[in-house]
Every structure is written in structure tokens, then in C-alpha cells.
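Per the working numbering, the very first residue in the sequence shown carries number 1; after that it's consecutive.
Derived from the structure by calculation, the hints contain no laboratory data. For glycine and all other residues, C-beta sits at the position ideal for the given N, C-alpha and C. It is possible that some hints are incorrect.
As the list claims (entries may be wrong) - Derived CB-CB ranges, DEER-like:
hint : residue 1 : residue 2 : range
1    : Ile26     : Arg54     : 18 to 24 Å
2    : Ser53     : Asn84     : 31 to 37 Å
3    : Asp49     : Thr89     : 16 to 22 Å
4    : Ser8      : Ala48     : 29 to 35 Å
5    : Ala34     : Leu14     : 17 to 23 Å
6    : Ala12     : Pro41     : 22 to 28 Å
7    : Asp49     : Asp75     : 18 to 24 Å
8    : Ser8      : Asp36     : 27 to 33 Å
9    : Gly22     : Ser42     : 29 to 35 Å
10   : Asp102    : Asp6      : 28 to 34 Å
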Amino acid sequence: MAVIGDISAPAATLGVMDFSGGSDEIPMIKRTCAGDDELTPSVTKIDADWVQSRGWSGWTISNGTTRQAMLCTEDHAFSAGLSNVPGSTPEDALNVILAAVD
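Produce the complete structure using the sequences and hints provided.
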């Protein structure tokens, strides 16, 4: 895989996976969504009422200069990352997801 451009430049990513398909990856993604300690060590699980009351799950994490979040509903898995964004927090990555979901 070739890298084009400045890899130290600020970047934001957003991804989504639809659980209605028949992908073999869905069980693993659902384990990741739940913050399975084996798959996602050192994440901070999202335990807010607005997540729990809907039966959703998710987590946030900081890793070097990257902030990440994952939020899973009953139908979709959303992931977001902020790289090299000064002053960003994992909650900012979660807010990227929320803006897309809303």
C-alpha cells in the first residue's frame, strides 16, 4: 500500500458496517463493539445512559496522536478516527459518529 501525501497532516475518518448482510466478519465486529477485552484492550467503554438505554455499545481510545471511537447500534457499526488533530479527544471522535448518525 502506497502512502500519498503528508502522513503527519491532520485527518478524520468515518466508517460504517451494515449488520444486515451475511458477512463472516459480523460476529467479530459485534465482539469489538462490545469492547471485548481480548480484542480491544485498554479501551474506555461508553456507559452513558443514551447508549445503554438503546441497547447500543461502544468505546473510545487514544493511541499516540490518534483518537478513535466505535459505536454500534442493533443494525450498524460506526467507527471514527482523528489523527494528528491538535487538542482532539476520543470524545471528539465519538462526536464525528454522532454527527453522521444524527
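What are the numbers of the hints the structure violates, in ascending order? none
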